[in-house]
Amino acid sequence: MPPPPDTSLDLTALRLDDALALLRHDGRPGAQQAGESPAAYLQRVIDDLCELSLKDPLTGLGNRRHFLSVLERAIETVARSGDSMLLLLLDIDHFKSINDAHGHLAGDQVLQAVAACLAGCVRPMDTVARYGGEEFAVILPNCRPLFGRAVAERIRQTIAALDIAAAPLLNVKVTVSIGGAYAPEWVRSTAELWIERADLQLYRAKAAGRNQVHLEQPQELAVSAEEKGLLFDALDLGEAAAADPDTRVNA
Amino acid sequence: MNDVVSPSTPAQHADKVPLKPLGKVLAVTSGKGGVGKTFVSANLAAALVKRGYKVLVLDADLGLANLDVVLNLYPKITLHDVFTGKAKLEDAILPAPGGFSVLLAGSGMVEYSRLTPEVRGEFLRIMEGLVPHYDVVLLDTGAGISDVVLFAVSLASEVLMVATPEPTSLTDAYATIKVLVGQQQRQTVRVIVNQAARPGSGAAITRQLQQVLDRFVVTEPGRGVKLVHLGDIPVDAEVRQAIMRRQLLMQAVPGCPAGQAILQIAGTLQKDVIPRP
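Residue numbers (the working numbering), protein chains in the order written: chain A, -16 to 234; chain B, 332 to 608.
Treat the hints with caution; some may be incorrect.
Unchecked claim - No farther apart than 27 Å at their CA atoms in a straight line, the calculated lysine-lysine pairs in the DSSO-like style are these:
#1 Lys557/B <-> Lys211/A
#2 Lys419/B <-> Lys385/B
#3 Lys79/A <-> Lys156/A
#4 Lys189/A <-> Lys79/A
#5 Lys407/B <-> Lys417/B
#6 Lys363/B <-> Lys211/A
What the hints assert, rightly or not - Not everything, but these chain A residues come out facing chain B in the computed CB check (under 8 Å):
#7 Arg63
#8 Glu210
#9 Leu213
#10 Leu214
#11 Phe215
#12 Asp216
It is worth saying that the hints were derived from the structure and are not from the lab. We treat Cβ as the ideally placed atom computed from N, Cα and C, and that holds for glycine.
Just chain A, same shape as in the assembly (with noise of 0.2 Å):
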């Protein structure tokens, strides 16, 4: 019999200096509490590098990686259950101009002030990370069609009313485009795919002037007059045909 595997652990063997100096730049307490297991401990502090890796060091809110797992997991939902998800992509517009003009302390002060501001327009189950530079992104579970539109305005003219105190004596105001595309329902899509319609969406808003929201429209399922007119010319076709005795089979 082979001895049976050795399960203790001994903390002095692992070299966690890094990891704690990380957490403890976060505000979180590093080393081992008192009366905390070593098995706790080690635990406690893989927890916690997990939800630093998530986060965005400069605003406090989910970072890319988050985001994107969460959006595999909401292509998942939609699969299964139908749901209407929709997906925003927002970008600070002329962000650039503020970085030039003021330096980039201001510009991350903004940055910081549109997060903290996103993340109050929204419910608790929906996830705002920042996506990028300027760019942020929100996914909002159970959204019907109807209401997407006013929840994307609503975050437009909310962030349009900040007075952002961007550096001292300098308070700026800025607005941001917003592009959104709900998850197609029953049907498994990709991340990239959802991203690229909404970033269509987002590019569509910029390109009309900036400050508002384009939604991808929901497939227009109506058959107008025009598309039925052209459908019928083919079967006058068919019918002049039909009425012609020498080319009928059987009829």
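Given chain A's structure and the hints, the job is docking chain B onto it.
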């Protein structure tokens, strides 16, 4: 085709929708009822059998199934019993005239005409059990764009849209294709024109559908839908007689014009869609 999809572990997969349409599953659907969908499913199945395929037709029109009527089969055990756990899948599969197998919905399926997660789960489980055993599974779906129909169609790798040259049939076929493009990102839909006035008139109808789709259904570049005209089934008095006698046309009068047309459609499928292994 549906978008293919993120990998998942086998354990996760068990309770999920399929990652992509199952292979060699053909959905026979239509925009409007009464255009001969079930007639086409049954006779096309028989024609595919003649070409050497092992074929199963599944009555996927859960609410308003009538494959049993067309085939004149009234089994004791149906899909309903499989859904409710009263019978095993293999016991519900019957040999049909024409040499293929059928899985009939049976009465009592009206309660499954709403697409609940349970119905989806059962349906998926049944499909996963069936598909490996046949060369071709034909899904005789309902008409239109109800969620059950769209779900059944989403399980198929190919869509065969049956339409007749009538205004309402065309409009509904067009609307259904629009939905399939929008919801399932279908890139190919194969069209069968039933009751065509004369050979060739169906192809014109498919061309026209394509033109209107190209003009009104906006998709991203390169992602548009392509209609493929699979064939016409001409108006033929033999069809009506076979239906009234509740016989398969393929068995009663395979040589009639409509029978020949269906054989030809099977040939095209063999060439383009389901080459023999």
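Okay, the hints, checked on the actual structure:
no.: 1; hint: Lys557/B <-> Lys211/A; result: holds, 19 Å
no.: 2; hint: Lys419/B <-> Lys385/B; result: holds, 21 Å
no.: 3; hint: Lys79/A <-> Lys156/A; result: holds, 14 Å
no.: 4; hint: Lys189/A <-> Lys79/A; result: holds, 14 Å
no.: 5; hint: Lys407/B <-> Lys417/B; result: holds, 12 Å
no.: 6; hint: Lys363/B <-> Lys211/A; result: holds, 15 Å
no.: 7; hint: Arg63; result: holds, 6 Å
no.: 8; hint: Glu210; result: holds, 5 Å
no.: 9; hint: Leu213; result: holds, 5 Å
no.: 10; hint: Leu214; result: holds, 5 Å
no.: 11; hint: Phe215; result: holds, 6 Å
no.: 12; hint: Asp216; result: holds, 6 Å
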